[in-house]
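Chains as they are written, first to last, in the numbering used here: chain A, 1 to 333; chain B, 1001 to 1346.
Think of the hints as simulated: they come from the structure by calculation, not from any bench.
Errors might be hidden in some of the hints.
Straight-line distance between alpha carbons at most 27 Å, and here's what the computed DSS-like set of lysine-lysine pairs gives [to be verified]:
| id | chain 1 | residue 1 | chain 2 | residue 2 |
| --- | --- | --- | --- | --- |
| 1 | A | Lys96 | B | Lys1090 |
| 2 | B | Lys1191 | B | Lys1266 |
| 3 | A | Lys51 | B | Lys1037 |
| 4 | B | Lys1090 | A | Lys116 |
Computed far set for chain B versus chain A, every beta-carbon distance over 12 Å [as the list claims (entries may be wrong)]:
| id | residue |
| --- | --- |
| 5 | Gly1058 |
| 6 | Asn1068 |
| 7 | Cys1072 |
| 8 | Val1165 |
| 9 | Glu1259 |
| 10 | Gln1278 |
Where is the CB? At the ideal position from N, CA and C, for every residue including glycine.
These are the residues of each chain, in order.
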Amino acid sequence: MIDAPAAASLVQHASLFEAGAHVVLATFVDGAPALALADGFVLVGVPGQQKRVVVHPDAAILTAISDGKTLLTGGDDGRVVALRADGEPQEIADEKGRWIDALALHGKAYAWSAGKQVRARDETGIVKTWSAPSTARGLAFQPKGYRVAATHYNGATLWFPKVEGAPQTLEWKGAHLDATFSPDGRFLVTSMQENALHGWRLADSRNMRMTGYPAKSRSLSWSHDGQWLATSGADAAVVWPFRDKDGPMGKAPRECGVRQARVTRVAFHPKALVVAIGYADGAVLLCRLADAAEIPARDPGGGPVSALGWDAAGARLMFGQESGAAGLLTLPA
Amino acid sequence: MTTSHEPEKIPVTVLTGYLGAGKTTLLNRILTEPHGKRYAVVVNEFGEIGIDNELVVGADEEVFEMNNGCICCTVRGDLIRIIEGLMKRKGRFDAIIVETTGLADPAPVAQTFFVDEDVREAARLDAVVTVADAKWLAQRLRDAPEAKNQIAFADVIIINKTDLVSAAELREVEARIRAINPYASLHRAKKCDVPIADVLERRAFDLDRILDIEPDFLVAEDHDHDHDHHHEHDHGETRHHGLKHYHDEDMQSVAVRLEGDVDPAKFMPWINRVTQEQGANILRCKGIVAMKGDPNRFVFQGVHMMLDGDSQREWRKDEKRESKVVFIGRDLAEEDIRNGFLACAA
Chain A
1 MIDAPAAASL VQHASLFEAG AHVVLATFVD GAPALALADG FVLVGVPGQQ KRVVVHPDAA
61 ILTAISDGKT LLTGGDDGRV VALRADGEPQ EIADEKGRWI DALALHGKAY AWSAGKQVRA
121 RDETGIVKTW SAPSTARGLA FQPKGYRVAA THYNGATLWF PKVEGAPQTL EWKGAHLDAT
181 FSPDGRFLVT SMQENALHGW RLADSRNMRM TGYPAKSRSL SWSHDGQWLA TSGADAAVVW
241 PFRDKDGPMG KAPRECGVRQ ARVTRVAFHP KALVVAIGYA DGAVLLCRLA DAAEIPARDP
301 GGGPVSALGW DAAGARLMFG QESGAAGLLT LPA
Chain B
1001 MTTSHEPEKI PVTVLTGYLG AGKTTLLNRI LTEPHGKRYA VVVNEFGEIG IDNELVVGAD
1061 EEVFEMNNGC ICCTVRGDLI RIIEGLMKRK GRFDAIIVET TGLADPAPVA QTFFVDEDVR
1121 EAARLDAVVT VADAKWLAQR LRDAPEAKNQ IAFADVIIIN KTDLVSAAEL REVEARIRAI
1181 NPYASLHRAK KCDVPIADVL ERRAFDLDRI LDIEPDFLVA EDHDHDHDHH HEHDHGETRH
1241 HGLKHYHDED MQSVAVRLEG DVDPAKFMPW INRVTQEQGA NILRCKGIVA MKGDPNRFVF
1301 QGVHMMLDGD SQREWRKDEK RESKVVFIGR DLAEEDIRNG FLACAA
């Protein structure tokens, strides 16, 4: 369908349902739709046959990530919990009630932060701790090697949990929030307290500023080929080119899905240069990067979209909203 | 803050006070009183709160400079993060109380609500409440600039531990507070026993409520023009000071009234210039302005260099169109401010 401009709307292919609480993450775990909710539950399964799994009893899920096999949640109960399709929630860490601010996931290696304290646990279960200079708001595993990037005030730090010695700090004035590596590992990009993104080319620590956003850009998504980074925070998805060795330096971004509403979430399709875009007014649409052709997937309503996630094949898209509204879009075959 | 009528905005009360003044006592009081409200509480030291409240959040006061070239534009990064997290649990609490450390400057907390759009959208700053120790405040005002900041910044001041001082000492400490901040509402308390309604839901940062502080404006004007008026009834007991009026050496307030209209083409550049040039010294400012040709009142308020202004309701027929501005700050260029504002007359 994605290549067929004839598809004027996909709205009728989305089944809408009530998730019951602020949707923190929408994803698929081994093919099963899953929503991490702020009320401490994870909702697993297709609409109508959903199971509510208690992951953080009497607590909130503050942050969650997924790689399609594991759903990792961090709560205001201080716990980090891993959920897989095959079993019960597994507690990874308990920080004694301190809020879990950020998570990262790489296979069976996990990283999390609570305040300044950053911890990484390798696949064998060995946990190492590093103390950031200020609260670590964002974490990311480098695509290759057991190395964690943590954002903080005035920069980001690259830390090898298994290596003794001082981690490498990349400095840039201001408070850095979310972190993401380009899939080829050449770039680290952070979102900032100021309405901007910052990037470093890791080979030479060269700085890249990506500015011009009217709001904070808190949702970052790489294209499947790693050549594009879609971002939220404007009245369109702002998509930066990372093809060349200089990344987006000196280049203008593309804009996709220009509407009279703020983009709150973006999620690149796992196989095509199509980005799913969620807006503050509740609308969701798919936009093809090549020609900016748009297809609506959900009409406006229900408040800001807070989560978007594709399945591994790119056949289904889950979306969730701050209000607790949610939906599952199944693309027509 | 201009749209604070939206009911879904969560009110945030900031609790300040020098070490030992009684912040935690007040907090425990608020949490135990049978008011039927649920509070999320942001504290700096866990364990001091005697109440088992599920929504107590520990914070490290992380003051961040914003990259906007404005040196006094600082925010509380931890507060932005915590409010973002709390908003995911909307419905589990009615209001937020932020307790600051005894040495904290209230400005970054207040500025967070001006600067951060996400915070601004979700929450509104209700008031800065300062707890002062009746016995030790006078001393602290001499040796601790933080204590003076907290008094100058406050919308509500609770003079606590009044049972530990004489009536004369109490009047003295009140006079010292008034010398710095004549606009805050002042309450006397023992063990912070003030009605909760005097502390919470004050809407002190609500532009629409600047109307409600008019009596304070008027008192301030009187105070300004007639120094001993406020203390006439004190004479019998305050021999060693004669007139019980203090001028704080470095922190003061400047109130200026202008009869009739103001020329917006003069006023707007002036207020922007004053807050840019003197913003580092201005802790708070507010005002009601009659703009020439505008049937509505223009109201504004600010913290340091940050200004928030809006056209408000219409001037009533029985109301005299006049303009008033108030600044509280350190080493303010009083004559400049006064003459500058008066020169804005239409």
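- Message: If I take the minimum Cβ distance from Glu1259(B) to any residue of chain A, is it greater than 12 Å?
- Response: Glu1259(B) clear of chain A: closest Cβ-Cβ about 41 Å, beyond 12 Å.
- Regarding the assertion that Gly1058(B) does not contact chain A, is the least Cβ-Cβ distance greater than 12 Å? violated, 7 Å
- Task: Test the statement that Asn1068(B) is away from the interface with chain A: the closest C-beta pair must be farther apart than 12 Å.
- Result: violated, 7 Å
- Message: So if I understand the rule, the pair passes when the alpha-carbon distance is 27 Å or less; does Lys96(A) with Lys1090(B) pass?
- Response: holds, 23 Å
- 27 Å limit on alpha-carbon distance, applied to hinted pair Lys1191(B) and Lys1266(B): Roughly 49 Å separates the two Cα atoms, so the pair is violated.
- Against chain A, does Val1165(B) keep a CB gap of more than 12 Å to every residue? holds, 40 Å
- Was Cys1072(B) rightly flagged as not at the interface, with every chain A Cβ beyond 12 Å? For Cys1072(B), whose nearest Cβ neighbour in chain A is about 16 Å away, the distance exceeds 12 Å, so it holds.
- Message: Run the distance test for Lys51(A) versus Lys1037(B): straight-line Cα separation, threshold 27 Å.
- Response: At roughly 33 Å apart (the allowed maximum being 27 Å), Lys1037(B) and Lys51(A) break the hint.
- Query: Is it true that the CA of Lys1090(B) sits at most 27 Å from the CA of Lys116(A)?
  - Reply: holds, 26 Å
- With 12 Å as the threshold, tell me whether Gln1278(B) passes as away from chain A on beta-carbon distances. Per Cβ check, Gln1278(B) is outside 12 Å of chain A; nearest 25 Å; holds.
In this structure, the earlier hints numbered 2, 3, 5 and 6 are contradicted, and the remaining ones agree with it.
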